[in-house]
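Novice: Listed below, chain by chain, are the residues.
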Amino acid sequence: MALEKKIRELKEKREKMLLGGGEEAIEKQKAMGKNTARERILAILDEGSFSEYDMFVTHDARDFGMEKKHLPSDGVIIGTGTVQGNPVAIFAQDFTVAGGSLGLMHSRKITKIMDHALKMRIPLIGINDSGGARIQEGVNSLAGYGEIFFRNTISSGVIPQISVILGPCAGGAVYSPALTDFVFVVENISKMFITGPEVIKTVLGEEISMEDLGGARVHCEVTGNAHFYAVNEEECFGQIKKLISLIPRNNGVKAQACEVKAPDPSYDIEKIVPGDPTLPYDVKDVIRAITDGSDFFEIQAMWAKNMVIGFGRMGGHTVGFVANQPLEMAGVLDVDSSDKAARFIRYCDAFNIPIVTLVDLPGYLPGIDQEHAGVIRHGAKVLYAYSEATVPKLTVILRKAYGGGYIAMSSRHLRADFVFAWPAAEIAVMGPEGAANIIFRKEITTAENPDEMRRQKVEEYKEKFANPYVAASRGYVDSVIEPSETRKLLLHALEISADKDVQMPQKKHGLPPF
Amino acid sequence: MENKELDKLIIDDTLYTTRLSARYKGKKPYAPVDPGAVMSFIPGTIVTILVSEGASVNAGDELIVLEAMKMKNMVKSPVTGKISKINVKSGDRVTKGMLLIEIR
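Residue numbers (my numbering), protein chains in the order written: chain A, 601 to 1114; chain B, 14 to 117.
Calculated directly from the structure, the hints in this document are not laboratory data. Beta carbons: idealized from backbone N, C-alpha and C, even for Gly. It cannot be assumed that every hint is accurate.
Said to hold, decoys possible - Capping the alpha-carbon separation at 27 Å, the derived lysine-lysine pairs in DSS-like fashion look like this:
#	chain 1	residue 1	chain 2	residue 2
1	B	Lys-83	A	Lys-905
2	A	Lys-669	A	Lys-611
3	B	Lys-21	A	Lys-1062
4	A	Lys-905	B	Lys-38
5	A	Lys-871	B	Lys-21
6	B	Lys-85	A	Lys-801
7	B	Lys-41	A	Lys-801
8	A	Lys-712	A	Lys-905
9	A	Lys-854	A	Lys-871
10	B	Lys-109	A	Lys-801
11	A	Lys-801	B	Lys-83
Unchecked claim - Computed spacing ranges between beta-carbons, pair by pair:
#	chain 1	residue 1	chain 2	residue 2	range
12	B	Lys-38	A	Asp-812	13 to 21 Å
13	A	Glu-811	B	Lys-38	40 to 48 Å
14	A	Ala-643	B	Thr-108	40 to 48 Å
15	A	Gly-852	B	Lys-40	40 to 48 Å
16	B	Asp-20	A	Glu-1082	30 to 38 Å
17	B	Gly-94	A	Val-1029	44 to 52 Å
18	A	Gly-757	B	Asp-20	22 to 30 Å
19	B	Pro-42	A	Glu-1082	45 to 53 Å
20	A	Thr-1046	B	Asp-20	29 to 37 Å
21	B	Leu-28	A	Val-822	27 to 35 Å
Stated by the list, open to error - Footprint (simulated), chain A over chain B, 3 or more residues, beta carbon under 8 Å:
#	region
22	24-37
23	92-106
Bound-form chain B, shown alone (with noise of 0.2 Å):
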C-alpha cells in the first residue's frame, strides 16, 4: 500500500488511515451567520440605494435595489436596527456572497 497519499480521518473516536477526498479538503470552515449581515443573494449590480448609514430600519423595509437575471431584486432588511455600514454604491458590480449593508 503505497503511503504518500494517505491521510488521517476521525470517526467516532477512531482514527483511520485514509485517503481524503477533494471535497473534504476543500470545505470551508462554518461562520455563524450574522442577523444583521445583508448579504448579496446573487451576482448583479447596485442600482439605488433605499437607505443612509445611521437610519433606523424595521424588519422587512427595503435597502436596495439590485438588478441580476433582468429583475430588479429588492433586498429587504432581515432584523430592526441600525444601518452601520453600507459597502456599495450605485453602479457597483457585486459578487455573490458580498456583504453590502451591516444592521445592529
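Here chain A stands alone, though its shape is the one from the complex (with noise of 0.2 Å):
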C-alpha cells in the first residue's frame, strides 16, 4: 500500500515537470510556431521507444536570487530512444525554463548524455533552444560550454553527431553545433550568431535585424553553417529521421543496407548531358539516373550550389555523391564550393561510405575575389580530403575534365579505385579555345586570316585532346564506357571494394590546409 502512494507521488512528480516552465510559457512558445521540446524529442523518436534520464536534476546555485528559482530539469531534457530502430542518444534545450539557459547542472546532463553517446557508439542529436549562458551561475556556465566542445570533438569522427537549431543558439553555445556533423536549421525559428545585433549596434553602429544576421536562411545560402533547410519542425524531423536511416550509427560499422531499387526510368541518361561542352544541365538528374529509386537526399543545397553533394543508395548501401554542377557558375571550383566537397569527403571517410565523384568542370574560377578569399588554401582541402580517403573511391567523367579540375575531382592520381570516362569526355589541360590560344599563339598572330587560323588550331586541338583516349593511353581512366553502363559498372566496382583496406603512414594527424 505505501508503494502505491509512493507511485502516485513519483507519477504527480513527473506532471509536474512534464509542464517544464508552464503553460503560459508554452504558449509563448506555440505562438513562435516551435513545439516543447519534449515534443521535439517524441516527435523525432520512434513512438514509445523514450527513455528519459536526470528529469528530476536541480541547479544549486545561490548567487543571485538563484535559490528561490525552481528550474524543471534544469531546463534541459535528455534521454535515448530509436530513430526507425536505430538506437540514437538525444537533449533537448527547454526554452521554456529560464529561457533554456545554460548553468552548471543543465550542462553537466548534457555532457552526461554526449559520454552515454560515445560510449555506446551512438548518434547523438541535440535540440538548440536556448538564450545562452546562465548569467546567474557565471563561469560555470562558460565551464558547462567548454565541457561540451571538448566532447564535440572528442567523439567527432566516431559517433553521428547531429545539431538541430529550433531557437536561439547565440554566443558561444552555437560552436556546439559548428563542431557537430550537420547542422538542422528551420525558416524564421532557426538565429545563430556569435554576437547579436544589439551587441552589434551598441560597439560597432551596424543595424540588422536578428534573421538577416543569423536566420535559417543566412546560414543555409550564405555563410555554409547549415546543411539542411525546412520551413517548419516538422519538415525538419522528417530530414533527421533520413539522414539517420542512411548514416552508420557510428565509424566500426557501415550503414544498414536496404533492399536495391531500380532508379525511375524517366531519368534517360543519355540523353541529360548535352554535347556541346559549353551548355549547362543538372548533374543531379544524372545522380538519379544511377541510385537507388532515383532517391537522392542532398546535402547543402542552398550553398556553393556549383558543387554538388549528398547520400543516395546504390545496390541498397549508402553512397556519398561528389559532383560538380554545371548549371551553376558552370560547376567550376571555388572557395566555397572547395569547402563544401573537402568536408563532405572526410565525413564519408570518416564513416565508411564509398565515394561517387561526378566530374564535369572547366576548372577553377579566375578573380581577383577568389585569389584574395584564398582559392590557393580552400582547393587545396579538396586534394587534401581525396588523398587522405581510403574507402572506395570511383570516378565517372561525365564531359570536362580541364586542368587542375581534373587532377582535384578524385582522379586516378590521388588514389581514386576506378575511373570510368563516357565517351564525350574531354581530359585536358584546359578547353580547346583557350589551349589553342596559347600553344598556337604564334601561328594565329601570324597567319593571313587569323580567325580562321584560329578556328582551324581549336578544331585540331579538340580532335587530339578533348577526348577521354589520351588519358586512357595511359591508364589514367581505366575503362570508357557507355552512359547507359554506369550504373551497372559502378555496382560492381562498389561490390568488389566492399572490403577495400589502405593503411595511411604512421602519423597523429596530417595537417590539412584549415
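Combine the two chains into a complex, taking the hints into account.
Specialist: Written as C-alpha cells, this is what we have:
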C-alpha cells in the first residue's frame, strides 16, 4: 500500500516536470511556431522508444536569487531512444525554463548524454533552443560550454553528431553545432550568431535584424554553417529521420543496407548531358539516373551550388556523391565549393561510406575576388581530402575535366580506385579555345586570316586532346564506358571494393590547410 | 532547360551558359589601394585628431585616436608625406573603410 502511494507520488512529480516552465511559457513557445522540447523529442523518436534520464536534476546555485528559482529538469531534457529502429542519444533544451539557459547542472546533463553516446557508440542528436549562458551561474556556465565543445571534438568522426537549431543559439553556445557533423535549421525559428544585433549596434554602430544576421536562410545560403533547411519543425524532423536512416550509427560499422530498387526509368541517362560542352544541365539528373529508386538526399543544397553533395543508395548501400554542377557557375571549383566538397569527403571517409564523384568542370574560377579569398588554401582542401580518404573512391568523368580541376576531382592520381569516362569526356590541360590561343599563338597572330587560323587550330586541339582516349592510353582512365553502362559498372566496382583496406603512413594526423 | 536565369561566364576564352551565383554577381570591382589613404579599420568614434592639414608626417607617426570595441585605437601614418585633407573631426562616428585622412 505504501508502494502504491509512492508510485502515485512519482507520477505527480513527473506530471509537474512535464509542464516545464508552465502553461504560459508553453503558449509563448507555440505562438512562435515552436514545439516544446519533449514534443520535439517524441516527434523524432519512434513511438514509445524514449527513455528520459535526469528528469529530477535541479541546480544548486545560490547567487542572484537563484535559490528561489525552481527550474524543472534545469531546462534541458536528455535521454535515449530509437529512430526507425536505430538507437540514438538525444538532448533538447527547454526554452520555457529560464529561456533554456545553460547552467552547471544543465550542462552536466548534456555532457552525461554525450558521454553515453560516445561510450555506446550511437549517434547524438542535440536540439538547441537556448538564450545562452545563465548569467547568474557565471563561470560555471562557461565551464559547461567548454565541457560540451571538448566532447563534440572527441566524438567527432566516431559517432554521428547532429545539431538541430530550433530557437536562438548565440554566443559561445553556437560553437557546439559548429563542431558537429550536420546542422538543421528552420525558417524564422533558427538563429545563430556569435554576437547579436544589439551588441553589434552598440559596439560597432551597424544595424541588422536577427533574421538577416543569422537566420535559417543566411546559414543555408551565405555562411555554409547549416546543411538542411526546413520551412517548419515537422519538415525538419522528417529530414533528420531520413539522414539517420542513411548513415551508420558509428565509425565501426557500415550504414544499414536496404532493398535494391532500380532507378526511375524516366531519367534517360543518355539524354541528360548536352553534346556542346559549354551548355548546362542539372547534374542531379545524372545522379538520379543511377541511384536506387532515383533517390538523392542532397546536403547544403542552397550554398556553393556549383558543387553538389549528398547521399544516395546503390545496390542497397549508402553512397556519398560529389559532383560538379554545370548549371551553376559552369561547375567551377572555388573557395566555397572546395570547402563544401572537402568536408563531405572527410565525413564519408570517417564513416565508411564509399564516394562516387561525377566530373564535369572547366577548372577553377578565375578572379581577384577568389585569389584574395584564398582559393589556393581552400582549393587544396579538396586535394587533401580525396588523397587521404581510404574508402572506395569511384570516379565518372562525364564531360569536361580540365587542368587542376581534373586532378582535384578524384583523379586516379589522388588514388581513386576506378576512374570511368564517358565517350564525350574531355580530359585536357584546358579547353580547346584557351589551349589553342596559347599553344598556337604564333601561328594565329602571324596568319593571313587569324580568325580562320584560330578556328582551325581549335579544331585540331579538339580532335587531338579533347577526348578521354589520351588519358585512357596512359591508364589514367580505367575504362571508357557508355553512359547506359554507368550504374551497372559502379555497382560492380562497389561490390568488389567492399572490403578495401588501405593504410596511411603512421602519423598523429596530417595538416590539412584549415 | 529553362533559359530565364541562364547567363554567360567566360573561363579560359570559352563562353559557358550557366547560372551565376549571388556572390559572383555582387562582387565589388577591384580598386588598387592608395598608399596615402588612411581608412578606418573598424567602425567607431573619433576621439582626438593629432595633426592638422598641411603638416608633414613620417611613416608611423600618430594621426588619430579612434575609439572602438572599448579601446582607444591609435591610427598611424602609413607613409611619409604631407597631410592634404582631414575628413573628420573629434566626436564624429565613422563606419569601417571610411576615408579619414589623405596624405600626399
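Novice: Compare the structure with each hint and give your call.
Specialist: How the hints compare with the structure:
{"no.": "1", "hint": "B:Lys-83 x A:Lys-905", "result": "40 Å, violated"}
{"no.": "2", "hint": "A:Lys-669 x A:Lys-611", "result": "22 Å, holds"}
{"no.": "3", "hint": "B:Lys-21 x A:Lys-1062", "result": "22 Å, holds"}
{"no.": "4", "hint": "A:Lys-905 x B:Lys-38", "result": "14 Å, holds"}
{"no.": "5", "hint": "A:Lys-871 x B:Lys-21", "result": "23 Å, holds"}
{"no.": "6", "hint": "B:Lys-85 x A:Lys-801", "result": "18 Å, holds"}
{"no.": "7", "hint": "B:Lys-41 x A:Lys-801", "result": "25 Å, holds"}
{"no.": "8", "hint": "A:Lys-712 x A:Lys-905", "result": "38 Å, violated"}
{"no.": "9", "hint": "A:Lys-854 x A:Lys-871", "result": "34 Å, violated"}
{"no.": "10", "hint": "B:Lys-109 x A:Lys-801", "result": "13 Å, holds"}
{"no.": "11", "hint": "A:Lys-801 x B:Lys-83", "result": "14 Å, holds"}
{"no.": "12", "hint": "B:Lys-38 x A:Asp-812: 13 to 21 Å", "result": "19 Å, holds"}
{"no.": "13", "hint": "A:Glu-811 x B:Lys-38: 40 to 48 Å", "result": "22 Å, violated"}
{"no.": "14", "hint": "A:Ala-643 x B:Thr-108: 40 to 48 Å", "result": "45 Å, holds"}
{"no.": "15", "hint": "A:Gly-852 x B:Lys-40: 40 to 48 Å", "result": "45 Å, holds"}
{"no.": "16", "hint": "B:Asp-20 x A:Glu-1082: 30 to 38 Å", "result": "32 Å, holds"}
{"no.": "17", "hint": "B:Gly-94 x A:Val-1029: 44 to 52 Å", "result": "47 Å, holds"}
{"no.": "18", "hint": "A:Gly-757 x B:Asp-20: 22 to 30 Å", "result": "40 Å, violated"}
{"no.": "19", "hint": "B:Pro-42 x A:Glu-1082: 45 to 53 Å", "result": "46 Å, holds"}
{"no.": "20", "hint": "A:Thr-1046 x B:Asp-20: 29 to 37 Å", "result": "35 Å, holds"}
{"no.": "21", "hint": "B:Leu-28 x A:Val-822: 27 to 35 Å", "result": "28 Å, holds"}
{"no.": "22", "hint": "24-37", "result": "holds (count 14)"}
{"no.": "23", "hint": "92-106", "result": "violated (count 1)"}
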